[in-house]
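Participant: Order-wise, the sequence lines are chains S and C. With this note's numbering as the guide, the letters of the first sequence map in order to residues 1 to 515. With this note's numbering as the guide, the letters of the second sequence map in order to residues 516 to 859.
Hints are supplied without guarantee of correctness; some may be wrong.
[As the list claims (entries may be wrong)] One-sided and incomplete, this derived list gives chain C residues near chain S with beta-carbon spacing under 8 Å:
(1) GLY561
(2) ASP562
(3) ARG563
(4) GLU685
[Unchecked claim] Below, a sample of chain C positions facing chain S; criterion: calculated Cβ distance under 7 Å:
(5) ILE633
(6) LYS642
(7) SER690
(8) GLU723
(9) ILE730
(10) ARG733
(11) ARG740
(12) ALA742
I should point out that these hints are in silico values taken from the structure, not numbers from a laboratory. Built from N, CA and C at the ideal position, the CB exists for glycine as well.
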Amino acid sequence: MNALKSDAPVADAPVADAPVTDSALSPAWARVQLALLVLAVDPAGLGGLWLRARVGPVREAVIAGLAAVPLPVRRLHPGLGDEALFGGLDLTATLAEGRQVRTEGILARPSLLLLTMAERCPPGLAARLAQALDRPRHALVALDEGAEAEEVLPPVLADRLALFLALDDIPLAERVPLSLDAPVIAAARLRLGRVRVPERAATVLTGVAASLGIDSLRAPLLALRLARVLAALRGHSGVRREDISTAAELVFAHRATRWPEVVDAPPPAPEPEPDQPSDTQGESRPGPEDIPEELILAAVRAALPQSLLDRLAAARVARASAGATGAGEARAGQRHGRPLAARPGPPSAGQRLDLIATLRAAAPWQRIRREAALADRLVHIRPSDLRIKRHEDRSERVVIFAVDASGSAALARLAEAKGAVELLLARAYAKRDHVALIAFRGAGAELMLPPTRSLVQTKRRLAGLPGGGGTPLAAALQLAQATAVRARAKGLTPILAPRRKPPQRPGRDAAFRRW
Amino acid sequence: MTKPAPKLPTPRQPFPFSAIVGQGDMKTAMILTAIDPGIGGVLVFGDRGTGKSTAVRALAALLPPIEAVEGCPINAPRRELCPDWAEITSDRIVTRPTPVVDLPLGVTEDRVVGALDIERALTRGEKAFEPGLLARANRGYLYIDEVNLLEDNIVDLLLDVAQSGENVVEREGLSIRHPARFVLVGSGNPEEGELRPQLLDRFGLSVEVTSPRDIDTRVEVIRRRDAYENQYDKFMKTWRVQDSDLQARILAARVALPKLKTPGAVLHDCAALCLALGSDGLRGELTLLRAARALAAYEGDASVQRRHLRQVAPMALSHRLRRDPLDEAGSAARVARTLGEVLP
Numbered sequence: 001m002n003a004l005k006s007d008a009p010v011a012d013a014p015v016a017d018a019p020v021t022d023s024a025l026s027p028a029w030a031r032v033q034l035a036l037l038v039l040a041v042d043p044a045g046l047g048g049l050w051l052r053a054r055v056g057p058v059r060e061a062v063i064a065g066l067a068a069v070p071l072p073v074r075r076l077h078p079g080l081g082d083e084a085l086f087g088g089l090d091l092t093a094t095l096a097e098g099r100q101v102r103t104e105g106i107l108a109r110p111s112l113l114l115l116t117m118a119e120r121c122p123p124g125l126a127a128r129l130a131q132a133l134d135r136p137r138h139a140l141v142a143l144d145e146g147a148e149a150e151e152v153l154p155p156v157l158a159d160r161l162a163l164f165l166a167l168d169d170i171p172l173a174e175r176v177p178l179s180l181d182a183p184v185i186a187a188a189r190l191r192l193g194r195v196r197v198p199e200r201a202a203t204v205l206t207g208v209a210a211s212l213g214i215d216s217l218r219a220p221l222l223a224l225r226l227a228r229v230l231a232a233l234r235g236h237s238g239v240r241r242e243d244i245s246t247a248a249e250l251v252f253a254h255r256a257t258r259w260p261e262v263v264d265a266p267p268p269a270p271e272p273e274p275d276q277p278s279d280t281q282g283e284s285r286p287g288p289e290d291i292p293e294e295l296i297l298a299a300v301r302a303a304l305p306q307s308l309l310d311r312l313a314a315a316r317v318a319r320a321s322a323g324a325t326g327a328g329e330a331r332a333g334q335r336h337g338r339p340l341a342a343r344p345g346p347p348s349a350g351q352r353l354d355l356i357a358t359l360r361a362a363a364p365w366q367r368i369r370r371e372a373a374l375a376d377r378l379v380h381i382r383p384s385d386l387r388i389k390r391h392e393d394r395s396e397r398v399v400i401f402a403v404d405a406s407g408s409a410a411l412a413r414l415a416e417a418k419g420a421v422e423l424l425l426a427r428a429y430a431k432r433d434h435v436a437l438i439a440f441r442g443a444g445a446e447l448m449l450p451p452t453r454s455l456v457q458t459k460r461r462l463a464g465l466p467g468g469g470g471t472p473l474a475a476a477l478q479l480a481q482a483t484a485v486r487a488r489a490k491g492l493t494p495i496l497a498p499r500r501k502p503p504q505r506p507g508r509d510a511a512f513r514r515w
Numbered sequence: 516m517t518k519p520a521p522k523l524p525t526p527r528q529p530f531p532f533s534a535i536v537g538q539g540d541m542k543t544a545m546i547l548t549a550i551d552p553g554i555g556g557v558l559v560f561g562d563r564g565t566g567k568s569t570a571v572r573a574l575a576a577l578l579p580p581i582e583a584v585e586g587c588p589i590n591a592p593r594r595e596l597c598p599d600w601a602e603i604t605s606d607r608i609v610t611r612p613t614p615v616v617d618l619p620l621g622v623t624e625d626r627v628v629g630a631l632d633i634e635r636a637l638t639r640g641e642k643a644f645e646p647g648l649l650a651r652a653n654r655g656y657l658y659i660d661e662v663n664l665l666e667d668n669i670v671d672l673l674l675d676v677a678q679s680g681e682n683v684v685e686r687e688g689l690s691i692r693h694p695a696r697f698v699l700v701g702s703g704n705p706e707e708g709e710l711r712p713q714l715l716d717r718f719g720l721s722v723e724v725t726s727p728r729d730i731d732t733r734v735e736v737i738r739r740r741d742a743y744e745n746q747y748d749k750f751m752k753t754w755r756v757q758d759s760d761l762q763a764r765i766l767a768a769r770v771a772l773p774k775l776k777t778p779g780a781v782l783h784d785c786a787a788l789c790l791a792l793g794s795d796g797l798r799g800e801l802t803l804l805r806a807a808r809a810l811a812a813y814e815g816d817a818s819v820q821r822r823h824l825r826q827v828a829p830m831a832l833s834h835r836l837r838r839d840p841l842d843e844a845g846s847a848a849r850v851a852r853t854l855g856e857v858l859p
């Protein structure tokens with residue numbers, strides 16, 4: 001830490017104060033510019049950026065701004081295979097050179113990974129990318145075009161990306177050229193290693209994250225990292241209060257799962273004492289030691305419109321419960337899904353030849369065959385070598401439960417109905433089906449749980465199901481159908497199981513049967 | 516325009532094991548398997564950002580080195596145990612760190628079990644075996660991150676090998692078998708998908724981790740991680756000492772383990788507990804006892820006592836119970852409840 005004292009060599013270096021506080025920019029656009037600046041300074045440390053926006057000139061402008069990030073851009077798409085990511089056998093070169101030549105995977109070198117259609121990223125790919133991000137070499141920009149609330153980036157990735165930008169609310173008129181000065185960025189990068197962090201910064205950021213209901217500890221870590229970057233960018237020698245506040249805004253706003261109601265009062269969390277006996281450099285303490293959490297909370301709150309936050313929170317819940325299905329792809333034919341091991345056999349209709357496996361099978365015999373062969377060929381392949389590609393091809397079922405939680409049912413036997421549903425659930429579990437839960441009562445029906453395989457979740461929702469109100473059967477059936485249609489679009493086979501109290505009014509039960 | 520090249524971080528050692536804040540159960544479970552690999556591995560399930568992967572990667576630094584024949588692909592301790600196909604000529608025994616092999620999610624079957632050595636097949640027309648990850652993990656650890664997302668065909672393969680301790684390769688005209696005894700360590704997030712019960716059973720211990728709930732602990736996590744990232748040398752200097760202390764303790768426990776006494780009453784307790792919980796088979800009892808012995812050795816006791824059993828019972832048994840998918844509290848709570856009844 002002692003080496004950090006001299007500020008002299010960096011005093012003349014360019015500082016980003018001007019562009020960061022440029023009054024010509026609209027607040028939303030200034031935020032975009034700031035996000036890109038910090039990303040350019042420390043791409044790997046910050047993990048990356050979650051960019052939720054539809055395709056359009058605004059998004060294009062932001063993507064163009066990514067050129068300031070000092071990493072080569074590699075585009076990924078959700079269907080990407082492992083060979084492209086991690087590299088594989090280079091067949092032509094292998095055969096030509098007579099030794100094994102491997103292609104380099106995308107993840108082999110530090111790069112800026114641009115994941116298109118991130119909302120459709122399957123859990124397998126998300127997990128691989130998350131593992132890649134855990135070693136801080138790459139940065140990921142997830143282009144999330146999700147139109148509906150439940151179509152969002154997989155949480156395992158969202159958790160690792162410090163920054164979030166939603167562009168759909170930014171009018172085209174606000175889009176002005178971004179000023180991302182290379183010298184400013186380079187100077188900030190130089191300063192970054194020497195930025196001092198006051199003792200209390202970690203405490204404050206953790207406290208704010210906790211009062212916003214953010215569980216993952218990556219959030220305060222990323223915020224601390226970002227505060228450092230901001231201080232470097234603004235030419236501060238240590239992290240100041242405004243750096244912490246901006247960092248909290250950028251990192252926490254979209255992760256918040258609850259809002260402390262009274263922002264002016266101190267948060268309920270016990271405030272650790274602000275004494276700093278361990279601060280060895282009292283004379284050069286970087287910022288005001290008193291950084292009130294309330295102020296930072298208020299800043300975070302102001303950062304994003306509430307409606308957007310609500311939507312995101314809902315989406316997060318939906319996504320978290322969507323479990324292993326992710327944004328499921330259509331599972332049809334032999335050409336989709338995750339590849340399985342190749343199988344011997346001639347390719348017929350709808351089946352594709354696995355070239356590498358075929359060559360692999362043929363390889364050991366080459367020398368023998370060459371000696372026995374009449375024609376001089378580079379590779380000797382016999383029908384017995386042929387291998388065909390296989391893909392995981394499984395259409396899964398989703399059982400949609402529609403539970404009557406109306407007042408009459410609640411009075412009579414809601415508990416029994418719950419019990420019955422639980423039994424059905426257990427059966428669904430045994431068959432590895434997905435389960436969705438719809439409850440109808442009062443004024444309408446509600447999708448309590450989008451299709452998921454997590455029984456624990458279903459059970460929890462079911463147990464917490466309140467009773468009371470009217471019986472909006474039509475709404476329930478409509479919602480059930482909508483859920484079924486959506487499930488089918490994802491390649492699942494929907495099955496409907498309406499559950500209500502035992503028949504008392506024949507008319508309505510007849511409706512069930514007809515349906 | 517030339518872009519300034521990003522400064523690459525120098526290769527770093529993983530975050531030190533002793534510096535992990537809290538998560539006592541997870542750390543205990545890992546130390547126990549390090550003392551007695553026969554316990555059969557650890558499964559860590561929990562939320563995002565709770566230090567699952569960090570702990571597993573840190574484990575490698577704690578494991579004492581092994582002795583193996585130089586150049587042997589399966590880390591055989593003696594020359595005569597080296598497989599023929601490896602064509603080992605050296606007689607030298609070298610010390611190498613306990614292998615901790617990462618099984619990446621996207622791994623192919625070829626890479627796991629080993630396959631035909633294409634290079635030699637192409638150039639010399641020879642059928643040679645290129646060993647896979649299972650060979651490398653022999654006598655060491657096999658770590659699977661996001662174990663619940665692993666492809667089914669790879670899981671099948673692992674189940675078989677983990678059971679038999681032998682990898683049998685019958686493909687592409689090769690017929691090869693070699694020992695593959697490893698400790699399976701898995702981690703995952705249950706929200707992303709369920710783990711097959713068969714694979715679950717292959718793990719000796721299982722622990723669930725959650726994010727710490729109190730602010731001070733959380734702040735401490737952030738502080739240490741920040742120090743690791745930004746004052747690496749200083750941080751490692753502090754914690755490396757603690758790690759080597761821990762390693763010494765593990766080694767001492769390994770020595771003490773065979774001499775440990777197991778009173779009949781403890782065996783009785785084990786059986787009573789497993790009976791009351793209705794765990795399938797006897798593997799539960801055996802693991803429970805082994806884990807309790809390892810814990811007693813680690814704590815420097817001369818004999819296994821009931822309190823050791825009590826401490827390891829949840830991690831040894833909770834994943835072996837016949838699963839009730841609708842049991843909200845989870846099986847750990849069931850074990851705790853039964854513990855209170857059976858071993859007051």
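Participant: Confirm or reject each hint.
Facilitator: Going down the list of hints, with the structure as the test:
1. GLY561: Since the shortest Cβ distance to chain S is 11 Å, the answer is violated.
2. ASP562: 6 Å, holds
3. ARG563: Status holds, d = 5 Å.
4. GLU685: Because about 13 Å separates C/GLU685 from the closest Cβ in chain S, which is outside the 8 Å limit, the hint is violated.
5. ILE633: Check passed: Cβ of C/ILE633 comes within 5 Å of chain S, closer than 7 Å.
6. LYS642: 5 Å, holds
7. SER690: 13 Å, violated
8. GLU723: At about 12 Å, which exceeds the 7 Å cut-off, the nearest Cβ of chain S leaves the hint on C/GLU723 violated.
9. ILE730: Because about 5 Å separates C/ILE730 from the closest Cβ in chain S, which is inside the 7 Å limit, the hint holds.
10. ARG733: 5 Å, holds
11. ARG740: Holds, about 6 Å.
12. ALA742: 10 Å, violated
Going through the hint list in order, the structure does not satisfy hints 1, 4, 7, 8 and 12.
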